[in-house]
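K.L.:
Each chain, letter by letter, is given below.
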Amino acid sequence: MSMPAMKTDMSAVAIPPVAAAAPVVTMTPKRAPRAETYAKMAKDAAARVVPPLIVVALLLVVWELICRRAGSSLPPPSKVFKDTRELILDPFFDNGGIDKGLFWHLSASLQRVAYGYSLAAIAGIALGTLVGQSVWAMRGLDPLFQVLRTIPPLAWLPLSLAAFRDGQPSAIFVIFITSVWPIIINTAVGIRNIPQDYRNVAAVVQLNPLEFFTKIMIPAAAPYIFTGLRIGIGLSWLAIVAAEMLIGGVGIGFFIWDAWNSSHISEIILALFYVGIIGFVLDRLIAGLGKIVTRGTAAN
Amino acid sequence: MQAYLKLDHIDKIFTRGSATTEVLKDINLTIEKGEYVSIIGHSGCGKSTLLNIVAGLTGATNGGVLLENREVNAPGPDRAVVFQNHSLLPWLTVYENVKLGVDKVFARTKSRAERDAWVMHNLSLVQMAHAKDKRPSEISGGMKQRVGIARALAMEPKVLLLDEPFGALDALTRAHLQDSVMALHQKLGNTILMITHDVDEAVLLSDRIVMMTNGPSARIGEVLEVPLARPRKRLELATNPGYLKCRQRVLEFLYERHSFVEAA
Numbered sequence: 000m001s002m003p004a005m006k007t008d009m010s011a012v013a014i015p016p017v018a019a020a021a022p023v024v025t026m027t028p029k030r031a032p033r034a035e036t037y038a039k040m041a042k043d044a045a046a047r048v049v050p051p052l053i054v055v056a057l058l059l060v061v062w063e064l065i066c067r068r069a070g071s072s073l074p075p076p077s078k079v080f081k082d083t084r085e086l087i088l089d090p091f092f093d094n095g096g097i098d099k100g101l102f103w104h105l106s107a108s109l110q111r112v113a114y115g116y117s118l119a120a121i122a123g124i125a126l127g128t129l130v131g132q133s134v135w136a137m138r139g140l141d142p143l144f145q146v147l148r149t150i151p152p153l154a155w156l157p158l159s160l161a162a163f164r165d166g167q168p169s170a171i172f173v174i175f176i177t178s179v180w181p182i183i184i185n186t187a188v189g190i191r192n193i194p195q196d197y198r199n200v201a202a203v204v205q206l207n208p209l210e211f212f213t214k215i216m217i218p219a220a221a222p223y224i225f226t227g228l229r230i231g232i233g234l235s236w237l238a239i240v241a242a243e244m245l246i247g248g249v250g251i252g253f254f255i256w257d258a259w260n261s262s263h264i265s266e267i268i269l270a271l272f273y274v275g276i277i278g279f280v281l282d283r284l285i286a287g288l289g290k291i292v293t294r295g296t297a298a299n
Numbered sequence: 000m001q002a003y004l005k006l007d008h009i010d011k012i013f014t015r016g017s018a019t020t021e022v023l024k025d026i027n028l029t030i031e032k033g034e035y036v037s038i039i040g041h042s043g044c045g046k047s048t049l050l051n052i053v054a055g056l057t058g059a060t061n062g063g064v065l066l067e068n069r070e071v072n073a074p075g076p077d078r079a080v081v082f083q084n085h086s087l088l089p090w091l092t093v094y095e096n097v098k099l100g101v102d103k104v105f106a107r108t109k110s111r112a113e114r115d116a117w118v119m120h121n122l123s124l125v126q127m128a129h130a131k132d133k134r135p136s137e138i139s140g141g142m143k144q145r146v147g148i149a150r151a152l153a154m155e156p157k158v159l160l161l162d163e164p165f166g167a168l169d170a171l172t173r174a175h176l177q178d179s180v181m182a183l184h185q186k187l188g189n190t191i192l193m194i195t196h197d198v199d200e201a202v203l204l205s206d207r208i209v210m211m212t213n214g215p216s217a218r219i220g221e222v223l224e225v226p227l228a229r230p231r232k233r234l235e236l237a238t239n240p241g242y243l244k245c246r247q248r249v250l251e252f253l254y255e256r257h258s259f260v261e262a263a
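First to last, the protein sequences are chains A and B. Per numbering that gives the first Met the number 0, the first sequence starts with residue 0, numbered consecutively. Per numbering that gives the first Met the number 0, the second sequence starts with residue 0, numbered consecutively.
Same shape as in the complex, but just chain B (with noise of 0.2 Å):
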């Protein structure tokens, strides 16, 4: 098997003064291509930190990333992540928001004419087009976390990073957004990896869900596959027995064998 992503025995220590915290030890998770991992585990378990290594954000103290083979430890567009508070620009329209990446990672190998032209199949792929000289204060919370996505899509990252993508959205635009992402994996097959704390999402959106004991010195606790044939049906999986069995695991997990305390 082929590692597309890798990430190989990494820990991380942040040091503040003399104070030491261990956050992460010892995390090992290899990602085929095409494939939709989650990770999920309670707040304050390192997952945002662990992504934020993964994005290059922030080095790791021991071990490293390695995509295709290649080590990345700094930021790029390989790595597009789709931040929780949707980070636009706020003085940049829609259209401006994605051509910004595009700009970049485009500049040679794509015309001005054919820029545009990716810029707004990219906001149709995500059903904003519309909404293209709009800016991010005249938007909706969800439109908002939709050119997010189009302005990693955009960039054609090797992998997909989303840091909660719909932590900050309401359960009905949450689920539209949900079928989106879906739709999308299925449609471009992009390799995906996202950090969530809701145990339908993971289920509904994997095809592995990593969970991660509690931090300090978080590690990875047990992986789950998750064998429910795509495309997936929000309905039909709400009495589907594997659906069912995967969300039991998930739970049990985390609040029985990890369940989260306060003081830790």
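This is chain A alone, in the form it adopts within the complex (with noise of 0.2 Å):
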């Protein structure tokens, strides 16, 4: 029964093109797949987009429905939207302090991230390269890790603030460090599984440590390292909310905090809005960044 309304979308899809290249005479047979390409992926994409536009629709209706009520302890989505349009139409609005838009509050905890991420993402490389290349090492090294890992992240915190006696160095630390453990893991494990056969190769060419390091073993292990590099981004972006929460200053976790001290509850619901999108892009953007690097290498 869908399948002739498909086929009505398709066509009024398809349409432009075609239309454009009507008035030169009869439509050449080029152009047709062409506009058939286009319809199905608008067809393709609108498979994606719209359910989850459904649900997103019935969600807002139903949580409208709940607390429009007098009374009732969190505002509606349209009474989020009315508390919060200066913070989403002015995100880049500065009057000192923590008075800022949410640009600056989301770029300050972003660059934290960065700085956090990019170190444990060469040292858990590092790390896991050597415990996945020697027997002692790992021997040594992975029951420390396997209790280090189990730390919570915001349990680290005070140790760092005694440490460097600063809040953005003990935020980097604490995504540092709960960042760290799944890229050594996943690294060691991918080190661990180089087939036999590439190591005989490498050894049969005499390629030295450091060749067989990039050409060998940093694209055979690149799959499982990048399942580690995505892992790691997502709990480093669920740390340096609540570490932010904890040190102050500019920062979407801090921001959210001192909302809530505000009692503004729209403006904590429009910041957790945020923190997922962002949350979402950044894995995107490892899991897309994966996907280029390790083109050929999962296909064997």
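Derived from the structure by calculation, the hints contain no laboratory data. Treat the hints loosely; a few may be bogus.
Said to hold, decoys possible - Pairwise CB distance ranges (calculated):
# : chain 1 : residue 1 : chain 2 : residue 2 : range
1 : A       : T213      : B       : G63       : 30 to 36 Å
2 : A       : L288      : B       : L187      : 39 to 45 Å
3 : B       : G58       : A       : S133      : 19 to 25 Å
4 : B       : K186      : A       : L143      : 54 to 60 Å
A quick note: this is a predicted structure, and the numbers were derived from the prediction, not measured. For each residue, glycine too, the CB sits at the ideal point set by N, CA and C.
If you follow the hints, you should be able to join the two separate chains into one complex; please do so.
P.N.:
Set out below in structure tokens:
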């Protein structure tokens, strides 16, 4: 039953190029396939975008209905939008101190994540390679890693504040220590799983250790490494919000805490929305990067 | 007779915990320059282990390998290996896979342009120049093995080691590739040591066939000269009495005197 409906939909999308070309005499057969490709792309996109849109719309309606009543503790979406319109429309204002637009808060948080996460990526891949390559390093370090990785991110914060005596490096350290474990562990597994064939090839060609690392290990372990990197970026985004609530200053975490202290519930909801979107984008960025870097590697 | 490659009293014993298994016992073999020697035996007789010892990928427990009277006990491009499952690096293109070895071996002796030309030369030797920018996942199994052969040849090895190079291919592709290897051997005069479990392949390609007894403690049971003139033609050989006699000898060795016993 839905097929005819789809068909009309497709032709509706396909019409513009066809109509533009129509006056020139008869349709060239070349145009038709292209219009069809566009139609197919549009259909695919619609199939992916429409269902989540419907779900979101439904949730918003339900939320609106539940929170609309007087005396509700949380604001309905319409009120959230009304309260936060200025924040949404002008994310770039800067009145000094912590009274800044959301853009500045988010960029401060992202900056901390960028520092901490980059350090974690470098240290994680290096340590993971060591642990994956050397049995003795694994025996010595693995138990330590297994214990340390279970420590919740925020438990590190007081210790790092004591060590660094400053909020900024402490937050970066918390990001680092949170995201480094999955990177180490996945890299080690990836290195350990390098097929013996590749090692044999490297041995016959007589690659030196550095060449072996860059030409065999990293590409061979790349799918695993990127799994670790992806988990790591997710964890660091989780940790930064919590850490910033405690260290204060500019940052989306403290923005949320500050909004709570001033009972601006709508602002909290807006901030959560942004935190979610950015977390999603970060995850997709790393996943996309992984896809580019590991093309060909997975398909053997 | 000057031995080019000499396998000198090689024993190989694997030790796992307190259990020891003697895989190879007292393997002696000399190979002349330009000779094509096949090693045939039932699976598990240690022929791949023997090839790995020659390649330097595994160490011998006793004895050693001499190449031009010098002991070799580490892997190197002078004994390039064509692996059974091609072992191309999937993240590199066909060209880059061959270039990996060329860049190392000729780092000082050839300029960048010469190395590039050398890679392309070797790819065209195996008729794979057209696919130079493809990745291994985009080409067929036979093509991958051709690239594997090009990679090994491009290192200008003193001995080319083939580890069941056609084992994973279908019969038609295998025959085609065997002809290619024969033509290359004819043209370049490489010294080749090949592991196989295919009797026809061994007789067709080799100057000598080394037949191994079953393991454990596998030995060289018999060495058969194949007195067939080169170039050899697959179709003509099918009715050639010399060919059939050699084939008969190998089959007798493998299936009568040393038939494969699962319990062994």
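K.L.:
Does each hint fit the structure? Answer for all of them.
P.N.:
Tested hints:
1. A/T213 with B/G63: 30 to 36 Å: holds (33 Å)
2. A/L288 with B/L187: 39 to 45 Å: holds (44 Å)
3. B/G58 with A/S133: 19 to 25 Å: At 20 Å between Cβs, range holds.
4. B/K186 with A/L143: 54 to 60 Å: holds (58 Å)
Violated hints for the displayed structure: none, as all numbered hints are satisfied.
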